[in-house]
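S.K.: Sequence:
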Amino acid sequence: MSQLKWYFEDFEVGRTIEVGSRTVSEEEIIEFATKYDPQPFHVDKAAAEKSMYGGIIASGWHTCGMIMRLMVDGFLKEAASLGSPGVDEIRWIKPVRGGDTLHVTTTALEVKPSGSKPDRGVVVTQWQAKNQHGELVATIKGMGMFGRRPK
Numbered sequence: 060m061s062q063l064k065w066y067f068e069d070f071e072v073g074r075t076i077e078v079g080s081r082t083v084s085e086e087e088i089i090e091f092a093t094k095y096d097p098q099p100f101h102v103d104k105a106a107a108e109k110s111m112y113g114g115i116i117a118s119g120w121h122t123c124g125m126i127m128r129l130m131v132d133g134f135l136k137e138a139a140s141l142g143s144p145g146v147d148e149i150r151w152i153k154p155v156r157g158g159d160t161l162h163v164t165t166t167a168l169e170v171k172p173s174g175s176k177p178d179r180g181v182v183v184t185q186w187q188a189k190n191q192h193g194e195l196v197a198t199i200k201g202m203g204m205f206g207r208r209p210k
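Under our numbering, the first residue of the sequence shown carries the number 60, and numbering increases by one thereafter.
These aren't lab readings, by the way, just hints derived from the structure by calculation.
So the derived label-pair ranges between C-beta atoms look like this:
hint, residue 1, residue 2, range
1, 114, 195, 14 to 24 Å
2, 209, 158, 43 to 53 Å
3, 86, 176, 40 to 50 Å
Here are the simulated DSS-like pairs of lysine-lysine, each with C-alpha atoms no more than 27 Å apart in a straight line:
hint, residue 1, residue 2
4, 104, 189
5, 153, 189
6, 200, 171
7, 104, 94
8, 94, 200
9, 176, 64
10, 176, 200
11, 200, 189
12, 210, 64
In this text, all values refer to a predicted model and were calculated from it rather than measured experimentally. A virtual CB, placed ideally from N, CA and C, is assigned to each residue, including glycine.
Construct all of the structure, not just a fragment, from the sequences and the given hints.
M.R.: In structure tokens, the structure reads:
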């Protein structure tokens, strides 16, 4: 674990970490939704064009999955992550469409050492995904457990 970049001690309230970015295609959106969220505005181009969205949009769950992948690839695999006791809030603010590029950051909101396990602490974070125009498309607020830096 000593080769990791991020430990509990590295977090402070307000610290924002740029996680990474990813472009999604309309084909990916339809493929995900066909398997997991087959609502018409996710899978049927004609129906989606007639909907209030005016075209195919990504499932919010797909957006969460893409955010999670970016979090793992750009942050968590380099961290002393011990998992998460849960997510408190997910907001889907603006539709994600084929061709959009998601840019993800994570910001520490609270940093609490464990009272019962001195080898770890909990960090409450706000993840934000913005599209290529800088528009906020989704937020996730949750908790992560992180190990302390080995001595």
